[in-house]
Each structure stands twice: as structure tokens, then as C-alpha cells.
Amino acid sequence: MQTLVDHLSYREQSDAVRSRFEAMKQRPVVLSVRNLYKTFPTPGGSVTALKDVSFDVYRREFMCVIGPSGCGKSTLIRILAGLEDSSAGQVLLDGNPVSGPGPDRGMVFQSYTLFPWLTVKQNVMFGPRMAGQKGAAVEGEARQWIDLVGLSRFENSYPHQLSGGMKQRVAIARALANRPRILLMDEPFGALDAQTRCQMQSYLLQIWKNLDITILFITHDLDEAAYLSDRILVLKANPGEVNEIIEVPVPRPRTPAQFVSPEFIATKYRIDHLIHPETAAETDSIPFPRMTVAGDDVE
Amino acid sequence: MKSDLIREKPQREPWFAARRDLSPRRASLLTLLSFALPLLVWSAVSYLPFLWHPDMELQISADRENVTTVYVAGDRMSQDFFPEFQESVRQQNKALEAALASFDPAAEAPNGASVRRANKKILRHLAPLLISNGWITEKQAKDDAIIYDAWGRIATGAKLPTRPRLSDENLAIAAINWSAMSKVSPTYASDRFISVPLLSLVPQGRSANPDYLPAPHEVVITGIKDFTAPPEAERPSMWQRVGHSIRIVFGGFLLAALVGVPIGVLCGTYPVFSKLIEPFTDFFRYMPAPTFSTLLVAIFLANDAPKVALVFVGTIFQLILVVSNTTRRLEMPLLEAAQTLGAKQRQLLTHVVIPGILPNLYNDLRILLGWAWTWLVIAELVGVKSGLTEFIETQGRWRNFDSVYPVIILIGLIGFFTDQILSAFSRIFFPWTAEAGGKPNPIVRAILFIPRWFRDAAAERIPYRPETRTRQTGEA
Chain A
1 MQTLVDHLSY REQSDAVRSR FEAMKQRPVV LSVRNLYKTF PTPGGSVTAL KDVSFDVYRR
61 EFMCVIGPSG CGKSTLIRIL AGLEDSSAGQ VLLDGNPVSG PGPDRGMVFQ SYTLFPWLTV
121 KQNVMFGPRM AGQKGAAVEG EARQWIDLVG LSRFENSYPH QLSGGMKQRV AIARALANRP
181 RILLMDEPFG ALDAQTRCQM QSYLLQIWKN LDITILFITH DLDEAAYLSD RILVLKANPG
241 EVNEIIEVPV PRPRTPAQFV SPEFIATKYR IDHLIHPETA AETDSIPFPR MTVAGDDVE
Chain B
1 MKSDLIREKP QREPWFAARR DLSPRRASLL TLLSFALPLL VWSAVSYLPF LWHPDMELQI
61 SADRENVTTV YVAGDRMSQD FFPEFQESVR QQNKALEAAL ASFDPAAEAP NGASVRRANK
121 KILRHLAPLL ISNGWITEKQ AKDDAIIYDA WGRIATGAKL PTRPRLSDEN LAIAAINWSA
181 MSKVSPTYAS DRFISVPLLS LVPQGRSANP DYLPAPHEVV ITGIKDFTAP PEAERPSMWQ
241 RVGHSIRIVF GGFLLAALVG VPIGVLCGTY PVFSKLIEPF TDFFRYMPAP TFSTLLVAIF
301 LANDAPKVAL VFVGTIFQLI LVVSNTTRRL EMPLLEAAQT LGAKQRQLLT HVVIPGILPN
361 LYNDLRILLG WAWTWLVIAE LVGVKSGLTE FIETQGRWRN FDSVYPVIIL IGLIGFFTDQ
421 ILSAFSRIFF PWTAEAGGKP NPIVRAILFI PRWFRDAAAE RIPYRPETRT RQTGEA
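Just so you know, the protein sequences line up as chains A and B, in that order.
Residue numbers for the first sequence follow this note's numbering, beginning at 1 and rising by one.
Residue numbers for the second sequence follow this note's numbering, beginning at 1 and rising by one.
Hints listed in this document are in silico derivations from the structure and should not be mistaken for laboratory results.
Ideal placement from N, C-alpha and C gives every residue a C-beta, glycine not left out.
Just to be clear, a hint being listed does not mean it is correct.
Derived Cβ-Cβ restraints for the label pairs, each shown as a range [said to hold, decoys possible]:
no., chain 1, residue 1, chain 2, residue 2, range
1, A, 163, B, 20, 51 to 61 Å
2, A, 150, B, 325, 31 to 41 Å
3, B, 279, A, 191, 31 to 41 Å
4, B, 21, A, 191, 18 to 28 Å
5, B, 14, A, 42, 44 to 54 Å
6, A, 150, B, 286, 52 to 62 Å
7, B, 279, A, 209, 33 to 43 Å
For lysine to any residue, the following SDA-like pairs were computed, each having C-alpha atoms within a straight-line distance of at most 25 Å [said to hold, decoys possible]:
no., chain 1, residue 1, chain 2, residue 2
8, B, 344, A, 116
9, B, 344, A, 104
10, B, 344, A, 208
11, B, 344, A, 258
12, B, 225, B, 415
13, B, 121, B, 109
14, B, 344, A, 99
15, B, 344, A, 90
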């Protein structure tokens, strides 16, 4: 691979891509993270999960966060959602500091978090109901969100009657029904099989394109990150620090055919280059006994 | 063209395959067997004479001189002692035979009055046999004239008992006795009764189980008799007793649930309540509820209040801990998801915790209701004995175990069917649980038949609604 692609070639953007990024950066910043720290107290002293993390997400941007396991991706998104407190630093939503969870930041979890006792429609109506909205208008709006994720036939089904992919689509509709400023997604397709995941990625891009919504998406899948994002935030592990923010040079609209385009491969290769040293060091340290007959080599 | 190659292979399902489901037919069969087998064992032990039967049930008994233990017909003794018992009566007869053969019917023997009294007893020893043969009714067991007449018929061979027969030995004794008795008087007259000692009938019996294991038919017959008996002044009818027992169990249980469920839910939701309440509850539940019985009587006085209180005390502490644990088992991501959707603290409790735990809470209460039943017996012994327990206690003391078993079985049936009915309804109450989609067991299916029939009948009249009638899975 090293001989085929220069890992720095992802920086070469076409004019169309460059102007897209310029336009994006003209838009207001929706989410701004300033010098965020997170330390966990443990019996052996405190562990730093996040160290001085700062970045901005522009309006209608699709940003992925990727990093080796243990880099604090999930901690980061939980702090942004308000489910955990940071040790230091600030999270600003539209310039205002946030604390605690709220309907302005929708979240889709990796585990299925639909309320099993509510039908699909009732699940989608949960947020508006909590806000005190009632009546046929709420129901009609919920139907629209369900239509948007293509599940109108199932609006009265219970979650246990749905497949994993359908559940996550409902979870997206449920989060969107609150009209959040930003949608936080914590490896939402991690538990799905490869084909469904691919389908879901295309769905998500459709939704993102048609709505005024900003998305912050956590993943450990290089393809997913490169396929979905405008920019990719790559974290370092132990402690979690910003390694690099990659501007993906793959033009939009994205299609699965681009998986083999040079820009796509260059982006993937760059992420791999940033993450790999840490993973490779681990595998290389495992001693490997030889168990085959000498001379019977496959390589 | 259909190929032979794709012909279906005959399926041979193994009976023993770890965690593999049995076919519905086999499952139903085994469910049936699980009830049939114990009944079969009980019947076998009761009706097959070569199985167990360690005792003899006396059909004809006798008194022995200088022995204070009196056996009457219907009593049981061990098979080892029975021949000894017979032999001692034979020896006793042998000593009397000569005097009886050569007495003067006209003369009054010395100490005639006491001998006459003893003879009347011997006369009546035949009564149980006459009753079981249907010659006399139970009320006539002390009617000496009829029994006297029966001795004559048996001795002359005019009419012989068949259920059971009289042994040859006893027929001979009857003949000897009758020839002596009839010399004094051919019919019964209390002043003209033989004053020389008569021979005793040699005890007869049949092999039997101890009285604590009555046969199924005896239990059924006694059960029907007990349960159809009308109430008397001081004795409530069995159904009144059942009602009383159910009131105690459900009263105590519902009170405990009313108080315990909210506390348990709060403990499971807010660590403040958990730390404040659970440690003491955990300690208190180790104090056995029955130890509070005298205290409860002192507080609540007589009648049912202390009984209900005992069931309450026995149930509530378990209930709080079980409910709080169930509440804690609710998946945290659901609460987090609700928070990111804008739910406030109080809404979390009312809109997530409570609906989320309901199916498990319902199951917990089912199990705890079973617990409450176990307190019933002790509760009914507290203060004035009452209800089914009082009946069991009294009948057990009289060794009327054929009256005791129906009650024990009935309590079991009430508990079992309440549980099965509640379990069946859980599918109706909580259609969103995965179990609601699974196949219910045959008992639940039988119970659910009625409500389902109504539902289906209603559904035929209401326009077809696809969302309730079809279950859809899989990706659209």
C-alpha cells in the first residue's frame, strides 16, 4: 500500500471540494468544544481520558470522530450529550455553554434504546410529549418523521417486532422529532451486519442532505468515516487528544462506487496511518510460535 | 419431475438433546404426565396389595383380657403384631370352650352381671362386619336385637356375610356361641342374656397402608362429603373457610404490595431512598414473621387483623427488596435516551421507570403471591384458629387424614391456578414483551382460550386493523 499511495495525497482537493469547504466554514459554528479535559479517579490514581480537546462543528456539517479503542470517543460524545460532566473545558452550543442533557442535542446510541412498551409512533412522539406538546399535530408530525425513515407501515409495531436496522431508523426519527441543533451518534450502526450498515449509511446521508441538521458521528470503521464525513476528527489514545482533523477530499454526492476512488483510498490510508502505529505495536508484541512443517510455507 | 433425492428424510427427534425444544406434542404429553405420574404412584401404592401395605386394617376386632390397649374395627396395626393378636384371642377362647359347652341355661352363673356386660360387647363385635355387608346401617350398630338375630342367621348358615367373608374359624365360633345363646333365648332380651363368657371372634383384617396415606378414592369421597356439608352453628362450611383463607392471603398481600411497590420503585430509582431504606429492610427480613405473632395479636387483638398483619409482615420486606432490584435492572441507556429526548427527573420516573419495569414487576408480584400463601398456615393459627388451617389441625389430630388431603390439594390448586391465570394475562397486559410473541405452555393456552375467543369474536365485527393482526419482522 505504501508504494501505491502517498499517505499525504489526501490533502489534494479538487476545486469543487475546496469551494465546498470554504462555503462550509462561512457557516456559523453550531458546536464548539474548548480545551476539554476528562479524568477518571481510579484506585491507582486518576486516568486522563480526554486531554485538551478543542474543535468546532459548522452548521450542516457531517463530522466523524475516529480513533483507536480507548481513545475516549464515547466519553467525548457522552460529555457533549450532557450525560457526563467534563473535568475542565467548555462545550458551547450556538455560543452558549451547555450542562446536562437536553432535547437540543439529539442522541442515537449504539445499543437499541427504543422504549419497548411504546409503539414506533409513540417512541417518536416521546420527545414532544416530554416538552408538553399534545394533540393531533404531534401525531401528524411523528408520522412525517416515520415516513422520512421509511417505516410508515410499522408505525404501530412494537420495537421487539423490528429488525436491528429498523430500530436504529426509529431511533434517528425519534431524535429528529425534537428538532435538535445537532445529532450525536455513538457508533449507531456498530451492531448491524455489513449489508444493513451500508444501507443505513446511504439512508443517513439522504436524511442529512434533506434536513437542516448537523451531525457528529462516532465510528471505528474507516470506510464509514470516509464515506459519510465532511471532516474526520482523529483522536489519539491514552490520553485522548486531537491528532488531526482531516478534510475528506471525496466529492459529494457520495455513492458506494467512490469506495475505490483515489481520494477515498488516500483518506482511508491517512486515517490508517494515524491510528495504525498504536494498533500495530500491540500485535507485533505478541510472540508467535511456528506450528507448521518447515518448507511448507504459504508466504 | 419430482426427484427421489429430495424426498424428505424421516425425522427422528431425539428425546434427550441438551436445550433443544421438544415438539409441541411431546411437550404436551410430558406436561400431562408430570401430573399423571404422581397420581399413578399414589394409586399403585394404594391399590396394589403387594406394594408397601405395612399394616393390617381390622375388620373384626376383639378385646383381650388384662390388656388395656383396645383395638376396634377400622384400627390399624403392624402386620408383625397381627398374628400375635389373633393367637392371644384363640388362647383366651380355648380356656372358655369347655365351660360354654356344658353350662346350664337355666342357672345364673356367678358374677353373671359383669359377664353379661362383656358378652354384649362380644355380640357387638360383629356389627362392623354387618355394616360393611349392608345388613344394618351405621345407626343400628348398637341395636342388639338385630345383631343378635344376625348371629343366629350366620350360625345356622341361613345367610352368610360376603364382604368380607367370615373365616371358617369364626363361623365355628359363631355356631358355638349361638348354640349357647339360643338355649337361653332364641331372640334378644336384655334380661334373658347368657351369663357364661362367650367366645370372642378371632380378629380378621386386610393389609392396608398407614392411616396417613389414604387411597385416592377415599380422599375424593371424603373431600366431596366435606365440601358439600352445610355449615353448622359453630362450624363454617368448607367454602366459607376457603373464602376466609383467600381473604387473609390476598388482604395481607395486597396491603404489602400497596405499601411495598412504591417504596421498592423509589429505592430502585433514587440511591437516596435505597441507602436509607434497604439496609434496615434487609436486616428485618431475616426476622421470621411468625415470631411476631404474639406481638401482632397484642396490637391488632383477635379476629382477622393479626392474621392479615402476619402475611403483610412476612411479605413486605421481601417485596421491597425484590421490587427495588427489578427497578435497578431497567437498562440505564433507556434512562439516558429519555434524558437526551428532554425528559426531566420526574418524567423519568413516570414515563420511563414505571412503564419499563411493569412486566417484571408483575412477574415479581406473582412470585411473591406464592410467598404469601406459605404464610397462610401460620397466620391462621395466630390468635383464634380459623379457616382451612383450623380444619386441617382438627382433622389431623383425629387422624382423619382423608379429610386433610383434599384441603392441602385445594390450597395447592388455588395457588397454582392463580399463578397460571396471572401468567396468562401477562401476555394480554404486556403485548410488547418478547415472551408475548412466544408459544405459551398448554396450561396457559387453555386459560387464554376464553379471553382470546372473545377477542377474536370482537375482531370479526370490528374492521380489519393490520397493525394488531399481523406481526411484521425483517427489513422493509
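Verification of the hints:
For the pair residue 163(A) and residue 20(B), the supplied restraint of 51 to 61 Å is violated, since their beta-carbon distance comes to about 26 Å. The hint said 31 to 41 Å for the Cβ distance between residue 150(A) and residue 325(B), and at roughly 40 Å that hint holds. At roughly 38 Å, the beta carbons of residue 279(B) and residue 191(A) sit within the given window of 31 to 41 Å. A C-beta distance of roughly 26 Å is found between residue 21(B) and residue 191(A), which places it inside the suggested range of 18 to 28 Å.
Between residue 14(B) and residue 42(A) the Cβ separation comes to about 51 Å, which falls inside the hinted range of 44 to 54 Å. Checking the proposed 52 to 62 Å range against residue 150(A) and residue 286(B) shows it holds: the Cβ atoms sit about 57 Å from each other. Evaluation of the 33 to 43 Å hint for residue 279(B) and residue 209(A) yields a failure: the beta carbon distance comes to about 56 Å. Taking the CA atoms of residue 344(B) and residue 116(A), the gap is near 20 Å; set against the 25 Å cutoff, the hint holds.
Only pairs whose Cα atoms come within 25 Å are accepted, and residue 344(B) paired with residue 104(A) is accepted, the gap being roughly 14 Å. Taken as a hint, the residue 344(B) and residue 208(A) pair is broken in the structure, with Cα atoms around 28 Å apart against an allowance of 25 Å. Our distance criterion of 25 Å between C-alpha atoms is broken by residue 344(B) and residue 258(A), whose separation comes to about 44 Å. A threshold of 25 Å between alpha carbons decides the hint, and for residue 225(B) with residue 415(B) the separation of about 23 Å falls inside it, so the pair holds.
Note on residue 121(B) and residue 109(B): the hinted pairing holds, with a Cα-Cα distance of about 18 Å set against a maximum of 25 Å. A hinted pair counts as satisfied when its Cα atoms are at most 25 Å apart, and residue 344(B) with residue 99(A) qualifies at roughly 14 Å. Restraint check: the Cα-Cα separation between residue 344(B) and residue 90(A) comes to about 23 Å, which is no more than 25 Å; the hinted pair holds.
Of the numbered hints stated above, those contradicted by the structure are hints 1, 7, 10, 11, listed in ascending order.
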